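Trainee: Keeping their order, the protein sequence lines are chains A and B.
All residue numbers for the first sequence refer to the numbering used here, where the first residue is 1 and numbers rise by one.
All residue numbers for the second sequence refer to the numbering used here, where the first residue is 1001 and numbers rise by one.
Hint data in this document are derived by calculation from the structure and do not stem from the laboratory.
Keep in mind that a hint or two might mislead.
Label-pair distances were calculated between CB atoms; the ranges are [claimed, not checked]:
{"hint": "1", "chain 1": "A", "residue 1": "Asp63", "chain 2": "B", "residue 2": "Ile1152", "range": "14 to 24 Å"}
{"hint": "2", "chain 1": "B", "residue 1": "Ser1149", "chain 2": "A", "residue 2": "Gln153", "range": "48 to 58 Å"}
{"hint": "3", "chain 1": "B", "residue 1": "Pro1142", "chain 2": "A", "residue 2": "Glu129", "range": "57 to 67 Å"}
{"hint": "4", "chain 1": "A", "residue 1": "Glu175", "chain 2": "B", "residue 2": "Val1298", "range": "50 to 60 Å"}
{"hint": "5", "chain 1": "A", "residue 1": "Asp29", "chain 2": "B", "residue 2": "Glu1214", "range": "36 to 46 Å"}
{"hint": "6", "chain 1": "B", "residue 1": "Leu1304", "chain 2": "A", "residue 2": "Thr186", "range": "34 to 44 Å"}
{"hint": "7", "chain 1": "B", "residue 1": "Ile1018", "chain 2": "A", "residue 2": "Ser127", "range": "30 to 40 Å"}
Some, not all, of what chain B presents toward chain A, calculated at C-beta under 8 Å [claimed, not checked]:
{"hint": "8", "residue": "Ser1042"}
{"hint": "9", "residue": "Ala1044"}
{"hint": "10", "residue": "Lys1052"}
{"hint": "11", "residue": "Tyr1203"}
{"hint": "12", "residue": "Ala1207"}
{"hint": "13", "residue": "Gly1211"}
{"hint": "14", "residue": "Val1212"}
{"hint": "15", "residue": "Ser1213"}
{"hint": "16", "residue": "Leu1218"}
{"hint": "17", "residue": "His1221"}
{"hint": "18", "residue": "Arg1224"}
{"hint": "19", "residue": "Asn1225"}
{"hint": "20", "residue": "Lys1296"}
{"hint": "21", "residue": "Asp1299"}
{"hint": "22", "residue": "Lys1305"}
Here are some chain B residues pointing at chain A (derived, C-beta under 8 Å) [as the list claims (entries may be wrong)]:
{"hint": "23", "residue": "Asn1050"}
{"hint": "24", "residue": "Gly1054"}
{"hint": "25", "residue": "Arg1205"}
{"hint": "26", "residue": "Lys1210"}
None of these values were measured; they are calculated from a predicted model.
Built from N, CA and C at the ideal position, the CB exists for glycine as well.
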Amino acid sequence: MNNKELLLDIKNLSISFFTPSGEVKAVNDVSYHMYDGEVLGIVGESGSGKSVSSYSIMGLISDPGKIVNGSIMFNNHQIDKMTEKELQKIRGKEVSIIFQDPMSSLNPVFTIGHQISEVLKLHTKLSNEEIKKRSIELLELVGMNEPVKRYSQYPHEFSGGMRQRAMIAMALACEPKMLIADEATTALDVTIQAQILELMVELKDKIGMSIIMITHDLGVVASMCEKLAVMYAGRIVEFGTVEDIFYNTKHQYTLGLLKSIPKINADEHERLIPIEGTPVDLLYPPEGCPFAPRCEKTMKICLTQMPGYTYLSDEHYSACWLLDKEKFEGEKGE
Amino acid sequence: MFQYIIKRLGYTLLTIVIISTITFFLMNLVPGGPFLSEKSPSPAVLEAMNEKYGLDKPLGVQYKNYMLKLAQGDLGISIKKKGRSVNDIIAEKFPVSAKVGGVAVGIAIFLGIPMGAVAALNRGKFLDNGLMFISTLGIAVPGFVVATSLMIIFGVKLRLLPTFGLSSPLHYILPALTLAFYPMSYMARLMRSSMLDVLGQDYIRTARAKGVSEFTMLFKHALRNAILPIITYLGPLLAYVLTGSFVVEKIFTIPGLGGEFISSITNRDYPLIMGTTIFLAAFLVLMNVLVDIMYKLVDPRIKLK
Ligand SMILES: Nc1ncnc2c1ncn2[C@@H]1O[C@H](COP(=O)(O)OP(=O)(O)O)[C@@H](O)[C@H]1O
Ligand SMILES: [Mg+2]
Chain A
1 MNNKELLLDI KNLSISFFTP SGEVKAVNDV SYHMYDGEVL GIVGESGSGK SVSSYSIMGL
61 ISDPGKIVNG SIMFNNHQID KMTEKELQKI RGKEVSIIFQ DPMSSLNPVF TIGHQISEVL
121 KLHTKLSNEE IKKRSIELLE LVGMNEPVKR YSQYPHEFSG GMRQRAMIAM ALACEPKMLI
181 ADEATTALDV TIQAQILELM VELKDKIGMS IIMITHDLGV VASMCEKLAV MYAGRIVEFG
241 TVEDIFYNTK HQYTLGLLKS IPKINADEHE RLIPIEGTPV DLLYPPEGCP FAPRCEKTMK
301 ICLTQMPGYT YLSDEHYSAC WLLDKEKFEG EKGE
Chain B
1001 MFQYIIKRLG YTLLTIVIIS TITFFLMNLV PGGPFLSEKS PSPAVLEAMN EKYGLDKPLG
1061 VQYKNYMLKL AQGDLGISIK KKGRSVNDII AEKFPVSAKV GGVAVGIAIF LGIPMGAVAA
1121 LNRGKFLDNG LMFISTLGIA VPGFVVATSL MIIFGVKLRL LPTFGLSSPL HYILPALTLA
1181 FYPMSYMARL MRSSMLDVLG QDYIRTARAK GVSEFTMLFK HALRNAILPI ITYLGPLLAY
1241 VLTGSFVVEK IFTIPGLGGE FISSITNRDY PLIMGTTIFL AAFLVLMNVL VDIMYKLVDP
1301 RIKLK
């Protein structure tokens, strides 16, 4: 069906944090793959494992956290088997990341230029002058005026939007195969948010990289992404193309998320509909479907057994007992 | 920057004027005088002495005379040390204290900062607990206890180190260790909490995501930020340690400025009290200016005004 190269292949990934109060199962049995140049959105409420599952692609799971099961193949590297030293060669070069808060993500005591140059120094053999020249080009590329002046300024002299642009410049310095944008625009105000998203799409095409867009706001990513993974309690509960997710929604949690997108032409009085109930305690995850306690259509089986994936097409699948029920009833009716 | 330094020096002068004024009048409020001791001199002798040192004049006139001389950098003549000028005494004693103090500051910085950093990196582990136990001791145990303990262990029991005077480099070790123990412990704790704070910051995560080595992350990205609170503490530290400690100088019989300061007070040696107080105050203020400049060099967010 397509002859694109497989860039990322995550299989049955589970990650836990071994805290003093017990094992926090942050990511549970996550599998998905991405082809070269694709844009994948990962959505889900806070604490659903979006960040942890994505950081693991660069081997950035810090201390009490461990990959307890599964494998990550990225750009022909078996990430989960690599040493810290080997991972350092990939980070910033083949896969980069932009974090949520641009205010705190840049080191306050080094100039912007220094922080961009550092990536080039680490991963290329360019001379110092070439590195400086390239860093200034990068600042220009991300749309900064007066890049030469910006080069020697410090983060505190930048606005939030400009800092995020600097972060993007830093992330793209080595033209990585993959960019992870972890709520990269959440902390910015709406107009800046749109500009930054636009910039990322534009640069993606220029460099030819893939992007993982992490967000808790479905509205933001719809226009940018080709595929979406909906996460809940450390699991992918539904995966599919943007059309699948928006117009052929299969999981009750996805449905809830869609209802909570603010409508552009909404009335002042028309309220967002939040999903009722509290998120799962990952220290003591339930036996059955983690969403069951909050689901409007819970059945007996939902509380006792974890549903498997039902494939609606090659690229659209969801884990919900309702789908099995439909299938069963469909078969009966035939 | 230059403007800033000029301005701060101006403030320093003002501070000196205020401190000398307060000291001058407080000192004269304290009962007693330089010539009153067990065998009081006869009234005639007393009068002659008072006249010689200008103590017979009204306080206002004495104050005016002192300040005029001070303006020329003249701190007067010591009453108890026959014929020696206060400038002379400070010039002789300060370097002695500063040398011991300098070694102590060196020990405190080069042990305290790594101790704190190592403790932070091993948070909650045995090494962390051990280092924090030592630093708690350093903060809680008074100087004279540290001094006598060190003396007993290294001087008397092990006979490894001399405990008296400053006649060889070895002689510096025990007094410098005593002086360094508190600031080293304090800096270790400061560094530990600051390092823990910095290691949790987003920019450290950014550095890791760029692919920097563990070493670069710690010694470039984290240390430069974590060191800021230490620099603030450095001002008072330098001032107090370099100008000598009475206790340490007494115990190790070191002829330094700290001992001189205390004995000038018990002797009511008015010019020497004034001189040492003003010197200590000026030194403290200058160290703080130095620290502000250092701070500015490390943290670009600081604006010197
Ligand atoms: N260092 C950590 N120690 C313990 N638990 C952690 C740690 N980091 C993340 N977690 C847990 O992992 C889960 C998933 O976190 P995360 O991936 O950051 O969520 P998201 O990005 O979707 O908001 C959360 O429940 C969080 O409590
Ligand atoms: Mg997150």
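Trainee: Against this structure, judge whether each hint is valid.
Mentor: Tested hints:
| no. | hint | verdict |
| --- | --- | --- |
| 1 | A:Asp63 to B:Ile1152: 14 to 24 Å | violated (43 Å) |
| 2 | B:Ser1149 to A:Gln153: 48 to 58 Å | holds (53 Å) |
| 3 | B:Pro1142 to A:Glu129: 57 to 67 Å | holds (58 Å) |
| 4 | A:Glu175 to B:Val1298: 50 to 60 Å | violated (34 Å) |
| 5 | A:Asp29 to B:Glu1214: 36 to 46 Å | violated (31 Å) |
| 6 | B:Leu1304 to A:Thr186: 34 to 44 Å | holds (36 Å) |
| 7 | B:Ile1018 to A:Ser127: 30 to 40 Å | violated (57 Å) |
| 8 | Ser1042 | violated (69 Å) |
| 9 | Ala1044 | violated (70 Å) |
| 10 | Lys1052 | violated (59 Å) |
| 11 | Tyr1203 | holds (4 Å) |
| 12 | Ala1207 | holds (7 Å) |
| 13 | Gly1211 | holds (4 Å) |
| 14 | Val1212 | holds (7 Å) |
| 15 | Ser1213 | holds (6 Å) |
| 16 | Leu1218 | violated (13 Å) |
| 17 | His1221 | holds (6 Å) |
| 18 | Arg1224 | holds (5 Å) |
| 19 | Asn1225 | holds (6 Å) |
| 20 | Lys1296 | violated (12 Å) |
| 21 | Asp1299 | holds (6 Å) |
| 22 | Lys1305 | violated (16 Å) |
| 23 | Asn1050 | violated (60 Å) |
| 24 | Gly1054 | violated (55 Å) |
| 25 | Arg1205 | holds (7 Å) |
| 26 | Lys1210 | holds (4 Å) |
Hints 1, 4, 5, 7, 8, 9, 10, 16, 20, 22, 23 and 24, counting from the list given before, are not met by this structure.
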